[in-house]
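Participant: Read top to bottom, the protein sequences are chains F and E.
Take 1 as the starting number for the first sequence in UniProt numbering and just add one per residue.
Take 1 as the starting number for the second sequence in UniProt numbering and just add one per residue.
It is worth saying that the hints were derived from the structure and are not from the lab.
Virtual Cβ for every residue (Gly too), placed ideally from N, Cα, C.
Be a bit skeptical, because a hint or two may be false.
[What the hints assert, rightly or not] Partial pick of chain E residues on the chain F-facing surface, computed with a CB cut under 7 Å:
(1) K27
(2) L30
(3) Y79
(4) T83
(5) V86
(6) N89
(7) G90
(8) M93
(9) L94
(10) T106
(11) E109
(12) S116
(13) V117
(14) M208
(15) T210
(16) L238
[Stated by the list, open to error] Calculated pairs, BS3-like style, for lysine-lysine (alpha carbon to alpha carbon, straight line, at most 27 Å):
(17) F:K260 with E:K189
(18) E:K121 with E:K199
(19) E:K40 with E:K222
(20) F:K106 with E:K222
(21) E:K87 with F:K35
(22) E:K3 with F:K96
(23) F:K260 with F:K61
(24) E:K147 with F:K28
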Amino acid sequence: MLLKIVKDWVSSSNKLERLWLLAKIEFKLRYYENKLGLLWALLKPIMDIGIYYVVFKTVLKSDVPAFASFLFIGLIIWNFFVESTTGTTQILNTKKYLYEYSNMNKLEIYVSTLFSNSIGFFFNFVMFLLFYNFLEKESGGVSAHILWAIPLFLNLFILSLGVSLILSNLYVVAKDISQIWQVFTSFLFFLSPIFYSLKVFKEALPSFDYGNPIAGIIINARRVLMQQTYPDYELLIWDFVYAIFLLFLGLIALNKLGSKAAEKL
Amino acid sequence: MEKVIALSAKNISKTFEISEDSHNTVKHRLFNLFNPPRKKKVPALKMTSFEINKGECIGLLGRNGCGKSTLVKLLAGVYPTDTGYVKINGSTMLMNLGVGMSHELTARENIYVSGSVLGLKIKEIDAIFDTIIDFAELRDFVDTKIKYFSSGMVARLGFSIAVNAGADIMFLDEIFAVGDMKFQEKAIKVFESSWIEGKTVVLVSHSMDTIRKYCNRSGYMKNGEMVYFGDTEKAIELYMADNQ
Numbered sequence: 001m002l003l004k005i006v007k008d009w010v011s012s013s014n015k016l017e018r019l020w021l022l023a024k025i026e027f028k029l030r031y032y033e034n035k036l037g038l039l040w041a042l043l044k045p046i047m048d049i050g051i052y053y054v055v056f057k058t059v060l061k062s063d064v065p066a067f068a069s070f071l072f073i074g075l076i077i078w079n080f081f082v083e084s085t086t087g088t089t090q091i092l093n094t095k096k097y098l099y100e101y102s103n104m105n106k107l108e109i110y111v112s113t114l115f116s117n118s119i120g121f122f123f124n125f126v127m128f129l130l131f132y133n134f135l136e137k138e139s140g141g142v143s144a145h146i147l148w149a150i151p152l153f154l155n156l157f158i159l160s161l162g163v164s165l166i167l168s169n170l171y172v173v174a175k176d177i178s179q180i181w182q183v184f185t186s187f188l189f190f191l192s193p194i195f196y197s198l199k200v201f202k203e204a205l206p207s208f209d210y211g212n213p214i215a216g217i218i219i220n221a222r223r224v225l226m227q228q229t230y231p232d233y234e235l236l237i238w239d240f241v242y243a244i245f246l247l248f249l250g251l252i253a254l255n256k257l258g259s260k261a262a263e264k265l
Numbered sequence: 001m002e003k004v005i006a007l008s009a010k011n012i013s014k015t016f017e018i019s020e021d022s023h024n025t026v027k028h029r030l031f032n033l034f035n036p037p038r039k040k041k042v043p044a045l046k047m048t049s050f051e052i053n054k055g056e057c058i059g060l061l062g063r064n065g066c067g068k069s070t071l072v073k074l075l076a077g078v079y080p081t082d083t084g085y086v087k088i089n090g091s092t093m094l095m096n097l098g099v100g101m102s103h104e105l106t107a108r109e110n111i112y113v114s115g116s117v118l119g120l121k122i123k124e125i126d127a128i129f130d131t132i133i134d135f136a137e138l139r140d141f142v143d144t145k146i147k148y149f150s151s152g153m154v155a156r157l158g159f160s161i162a163v164n165a166g167a168d169i170m171f172l173d174e175i176f177a178v179g180d181m182k183f184q185e186k187a188i189k190v191f192e193s194s195w196i197e198g199k200t201v202v203l204v205s206h207s208m209d210t211i212r213k214y215c216n217r218s219g220y221m222k223n224g225e226m227v228y229f230g231d232t233e234k235a236i237e238l239y240m241a242d243n244q
């Protein structure tokens, strides 16, 4: 099925254009509609970092070096995940106008929305690099290992797409999935190594670096961006398999439940 | 001319399940584990098969609630079929009053999104953009959000996009009810010009004149069943008899 989708996309040349168009419009809707505009996209992670910095560094005296950067990279990855999952639970409802009158592939709606989130992520990532290189006192600078960020982001993208597909298609038959997912994400947030040092995290929650699909991505992102080492390959491969498995489940959900979206929503 | 099949429907049918109490939350499902919902089955479309050739204009007749719109939605691929399959050759577009546009977007954005969904490239949309706007008479409102439009304006825009961008197979569900008299005249003019040639059109209408004028074949439906599919005059006759 995946092969067919890919072939379908390559053969018809306006699809990439369309994805980009939809992503741009989505991005514009999100950030240019309010007064603060794009500034808001940049301000939010900074404010989050400020809060967690005060709590964990000033109050709880965390001993993680370069803690602000440590938080920064963890939070932008987490925010991308949450925006792409919680933010898309009702996507089949809000984007109904796209599939209600044509035989457009619904998967395109998801991919374009995630592209739009990726634009936001890219801005934040550039901000992180600037911050880490020019403002962070304990910075080790960046090296060629930064290229590992590309497969890591791909991994994050697949994971988010999979979870987003599962949730939004469950929404067709269970409207309260968004509330359930909100509780679940706040739980997952504290079970992810976002503000704990890796050592504390592994001791307190053994095997959670494997059980939690987002934990490995954050751990590896810090390795390649801040510690200038290779990623933990075992963890990287495991997370890819995890993400692809969830994507597979998501595609099944889209076929089974999503196809009825037009009549049920 | 060799006949090319644009759309073939084989043994398609559709039944809607309507539950009396809304069983669509996890909570509700848990609390009513041993109390399954009472479901009512509504057969919206009974088993039917037919083929439509490329370039044909097909009329659909029938009284309200006979399943015309359901059939059109099945053919357009908006609803999945319960049995059988619909094979479509090309892009489809379903048009009735105002669907297919987001009220959060401006007229300009809607034109680009719809055009793109219909399979056009950005450059091609650039080329027909002015035509669409002028035809819809919305020059002064290009960058206004659709939600501030009157319903007539939205309908005009939708019609204009459909006429100018157009998919390979168009399903037109009562579109001649759009706009004021002047716009209707314009719409009919477009229909009579070369537009309809080469396009495959399925036209749902209660106006016998329209159907008689444009459709070479028609289907007549009653209670979710395709009673007759073929000659337009015969279909109109049956429909008239039903209305007595």
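Participant: Decide, hint by hint, whether the structure agrees.
Facilitator: Checked hints:
A hinted interface residue such as K27 (chain E) counts as satisfied when its beta carbon comes closer than 7 Å to some beta carbon of chain F; here the least separation is about 6 Å, so the hint holds. Annotation: interface hint on L30 (chain E) violated; nearest CB of chain F at approximately 10 Å, more than 7 Å. Restraint check, Y79 (chain E) versus chain F: the minimum CB separation of about 6 Å is within 7 Å; hint holds. A least Cβ separation of about 14 Å between T83 (chain E) and chain F goes past the 7 Å threshold, and the interface hint is therefore violated.
With 7 Å as the threshold, the beta carbon of V86 (chain E) stays out of range of chain F, its nearest partner Cβ sitting at about 9 Å, so the hint is violated. With a cut of 7 Å, the hint placing N89 (chain E) at the interface with chain F is violated, because the nearest CB-to-CB distance is about 11 Å. A least Cβ separation of about 9 Å between G90 (chain E) and chain F goes past the 7 Å threshold, and the interface hint is therefore violated. A least Cβ separation of about 5 Å between M93 (chain E) and chain F falls short of the 7 Å threshold, and the interface hint therefore holds.
The interface hint given for L94 (chain E) is met, as the beta carbon of that residue sits about 4 Å from the closest beta carbon of chain F, less than 7 Å. For T106 (chain E), the interface hint is violated, the least distance from its beta-carbon to any beta-carbon of chain F being 10 Å, above 7 Å. With its C-beta approaching chain F no nearer than about 6 Å, E109 (chain E) sits inside the 7 Å limit, and its interface hint holds. The interface hint given for S116 (chain E) is met, as the beta carbon of that residue sits about 4 Å from the closest beta carbon of chain F, less than 7 Å.
Checking V117 (chain E) against chain F by beta carbon gives a least distance of about 5 Å; that is within 7 Å, so the hint holds. With its C-beta approaching chain F no nearer than about 26 Å, M208 (chain E) sits outside the 7 Å limit, and its interface hint is violated. Hint on T210 (chain E) is violated. Least Cβ distance to chain F is approximately 21 Å, over the 7 Å limit. Violation of the interface hint for L238 (chain E) is found here, the shortest Cβ-Cβ separation to chain F being roughly 29 Å, above the 7 Å cut-off.
For a cut-off of 27 Å, the pair hint linking K260 (chain F) to K189 (chain E) is broken: about 37 Å separates their Cα positions. As the CA atoms of K121 (chain E) and K199 (chain E) are separated by approximately 19 Å, the hinted pair is consistent with the 27 Å bound. The hinted pair formed by K40 (chain E) and K222 (chain E) meets the criterion: a straight-line CA distance of about 20 Å does not exceed 27 Å. As the CA atoms of K106 (chain F) and K222 (chain E) are separated by approximately 32 Å, the hinted pair breaks the 27 Å bound.
Between K87 (chain E) and K35 (chain F) the CA atoms are separated by roughly 48 Å; this puts the pair beyond 27 Å, and the hint is violated. Between K3 (chain E) and K96 (chain F) the CA atoms are separated by roughly 35 Å; this puts the pair beyond 27 Å, and the hint is violated. Among the hinted pairs, K260 (chain F) with K61 (chain F) is inconsistent with the structure: their alpha-carbon atoms are about 52 Å apart, more than 27 Å. A distance of roughly 17 Å separates the Cα atoms of K147 (chain E) and K28 (chain F); the hinted pair therefore holds under the 27 Å criterion.
The structure fails hints 2, 4, 5, 6, 7, 10, 14, 15, 16, 17, 20, 21, 22 and 23 (numbered hints given earlier, in ascending order).
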